[in-house]
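2 protein chains.
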Amino acid sequence: MKRSLSRETRMALEPRKQPRQERSSKVVDRILDAALILTREQGTKTPTTLAIARRAGLSVGSVYQYFPNKEAILLDLARRWLSSFPEVIARRIKVPPPINRDEFRQEVRKLFIDTSRIYLENATLMPVIEAISGNADLRPIQDEYDEQIIALYAAWLQHVNPALEDKIASRLGVLMMDVGHACRLVGLKRDRKTYDLIEDDVERMWLALVSPYLNLD
Amino acid sequence: MKRSLSRETRMALEPRKQPRQERSSKVVDRILDAALILTREQGTKTPTTLAIARRAGLSVGSVYQYFPNKEAILLDLARRWLSSFPEVIARRIKVPPPINRDEFRQEVRKLFIDTSRIYLENATLMPVIEAISGNADLRPIQDEYDEQIIALYAAWLQHVNPALEDKIASRLGVLMMDVGHACRLVGLKRDRKTYDLIEDDVERMWLALVSPYLNLD
DNA sequence: AAAGAATGCGACTAATTATTCGCGTTTGTC
DNA sequence: GACAAACGCGAATAATTAGTCGCATTCTTT
Numbered sequence: 070m071k072r073s074l075s076r077e078t079r080m081a082l083e084p085r086k087q088p089r090q091e092r093s094s095k096v097v098d099r100i101l102d103a104a105l106i107l108t109r110e111q112g113t114k115t116p117t118t119l120a121i122a123r124r125a126g127l128s129v130g131s132v133y134q135y136f137p138n139k140e141a142i143l144l145d146l147a148r149r150w151l152s153s154f155p156e157v158i159a160r161r162i163k164v165p166p167p168i169n170r171d172e173f174r175q176e177v178r179k180l181f182i183d184t185s186r187i188y189l190e191n192a193t194l195m196p197v198i199e200a201i202s203g204n205a206d207l208r209p210i211q212d213e214y215d216e217q218i219i220a221l222y223a224a225w226l227q228h229v230n231p232a233l234e235d236k237i238a239s240r241l242g243v244l245m246m247d248v249g250h251a252c253r254l255v256g257l258k259r260d261r262k263t264y265d266l267i268e269d270d271v272e273r274m275w276l277a278l279v280s281p282y283l284n285l286d
Numbered sequence: 070m071k072r073s074l075s076r077e078t079r080m081a082l083e084p085r086k087q088p089r090q091e092r093s094s095k096v097v098d099r100i101l102d103a104a105l106i107l108t109r110e111q112g113t114k115t116p117t118t119l120a121i122a123r124r125a126g127l128s129v130g131s132v133y134q135y136f137p138n139k140e141a142i143l144l145d146l147a148r149r150w151l152s153s154f155p156e157v158i159a160r161r162i163k164v165p166p167p168i169n170r171d172e173f174r175q176e177v178r179k180l181f182i183d184t185s186r187i188y189l190e191n192a193t194l195m196p197v198i199e200a201i202s203g204n205a206d207l208r209p210i211q212d213e214y215d216e217q218i219i220a221l222y223a224a225w226l227q228h229v230n231p232a233l234e235d236k237i238a239s240r241l242g243v244l245m246m247d248v249g250h251a252c253r254l255v256g257l258k259r260d261r262k263t264y265d266l267i268e269d270d271v272e273r274m275w276l277a278l279v280s281p282y283l284n285l286d
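Same order as they appear, the protein sequences are chains H and E. Quick note on this note's numbering: the first sequence kicks off at 70 and runs consecutively. Quick note on this note's numbering: the second sequence kicks off at 70 and runs consecutively.
For the record, the hints were derived by calculation from the structure and aren't laboratory data. Treat the hints loosely; a few may be bogus.
[Unchecked claim] The calculated DSSO-like cross-link candidates involving lysine-lysine, where the alpha carbons are at most 30 Å apart (straight line), are:
| # | chain 1 | residue 1 | chain 2 | residue 2 |
| --- | --- | --- | --- | --- |
| 1 | E | 139 | E | 262 |
| 2 | E | 95 | H | 262 |
| 3 | H | 114 | E | 139 |
| 4 | H | 114 | E | 114 |
| 5 | H | 258 | E | 258 |
| 6 | H | 163 | H | 236 |
| 7 | H | 258 | E | 114 |
| 8 | E | 258 | H | 114 |
| 9 | E | 95 | E | 179 |
| 10 | E | 114 | E | 95 |
| 11 | E | 236 | E | 114 |
| 12 | E | 179 | H | 236 |
| 13 | H | 139 | H | 95 |
| 14 | E | 258 | H | 236 |
| 15 | H | 236 | H | 179 |
| 16 | E | 139 | H | 139 |
| 17 | H | 139 | E | 114 |
| 18 | H | 179 | E | 236 |
| 19 | E | 179 | E | 258 |
| 20 | H | 236 | E | 262 |
| 21 | H | 179 | H | 262 |
| 22 | H | 258 | E | 236 |
| 23 | H | 258 | H | 114 |
| 24 | E | 139 | E | 163 |
| 25 | H | 179 | H | 258 |
Please build the complete structure, drawing on both the sequences and the hints.
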């Protein structure tokens with residue numbers, strides 16, 4: 070076990086090599102699929118390399134052909150999710166800022182709907198996201214993404230209301246992110262109808278959260 | 070490592086023996102203190118038995134005199150926290166239900182303040198609570214407590230508005246708990262002033278969440 | 001079809017860590 | 001101060017798992 074080594078080198082999490090032949094890119098897919106299925110089956114616990122290999126019908130050795138370590142597999146699964154947040158929020162900052170209360174509300178609603186879609190589209194990934202949060206090695210990486218997302222939420226708030234202080238914007242940003250995340254995780258574990266009800270709940274809460282600071286009362 | 074054994078027997082988590090002599094009850098305290106400090110130092114990662122023993126100035130053997138396994142130590146730390154929630158909510162159900170809008174709001178506020186106090190009083194325990202959430206073995210136990218707390222939040226909602234449907238009450242209960250928890254964890258990691266601001270934020274969100282269902286608009 | 005590159009394999013290594021057990025030491029009791 | 005019970009110790013055990021390496025197989029190219 071060269072555990073300590075990989076910890077020291079601050080983890081290369083990039084794929085180890087690009088697949089050159091067709092069979093091997095199928096192998097990469099099989100590994101990712103297996104990791105996803107196992108993570109979903111086991112709740113929060115991250116699957117072992119052996120379990121992933123067996124589930125994919127491969128040997129451990131093959132797994133390490135394409136991934137430098139176990140963490141890289143989970144991270145690869147999560148990457149699309151992790152990166153779509155910044156994209157979506159950034160897009161909502163590009164539009165011209167609202168000029169009256171009705172438009173304010175509309176902007177909140179749009180951001181709300183866009184972020185909600187990310188959750189719906191990545192519903193099957195949620196166990197992976199939860200597993201990453203619970204994994205001591207991967208947590209810091211997620212935290213970095215979170216920082217970014219918070220900063221973007223804050224930037225959005227200041228886009229909507231340029232007079233908003235940095236400190237307040239960043240506090241509200243954290244809460245928007247965390248409240249949205251917590252509630253939507255609950256929603257995705259229930260049926261679609263309940264998810265939609267919870268979405269309404271979240272929207273009310275978001276509005277209540279930001280209203281005093283965006284003069285929406 | 071009799072790991073699988075302890076997993077099979079579905080974990081006896083009770084203290085293994087009561088200290089009979091004075092020195093040993095001090096030892097138990099030292100173990101708990103060490104576990105708390107280490108958990109705080111290491112963020113979410115649960116400390117190893119060896120680390121706990123060393124930090125407490127003891128040998129592993131001594132740790133196992135009083136705790137059947139590692140999990141029991143963390144659970145012992147968290148026990149007061151885990152049990153104070155049900156107590157506090159239950160107490161808020163015992164009072165006569167509100168009869169007008171102003172009293173409704175007052176009741177929300179009281180529950181809000183009481184639950185906030187639990188967080189403030191147990192601020193140092195929060196890393197342990199987070200570690201428990203991230204630990205595959207302890208998570209189920211916390212989930213049981215959570216079920217209980219959700220049921221009590223739901224009961225409180227129906228106490229305040231007896232006409233509220235079970236399903237709605239339980240959905241709102243989950244969200245009250247999760248939103249409160251997520252935001253307060255954020256708050257406790259910041260300074261006291263920010264914590265208070267976040268408390269205001271949470272209160273607004275709680276009110277926005279339940280208002281449509283308690284005729285508070 | 002032959003060579004060489006890419007891929008696949010899995011026994012093996014080694015790190016980590018939970019838990020036990022038998023023995024020496026301390027404490028309370030008479 | 002003698003005896004038993006309680007306590008404390010830590011080397012040893014054993015389970016789990018990440019990651020490696022050299023050999024075997026399959027593919028691509030000519």
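For this session: Enumerate the violated hints, using their earlier numbering and listing them in ascending order.
Result: 1, 2, 9, 11 and 24
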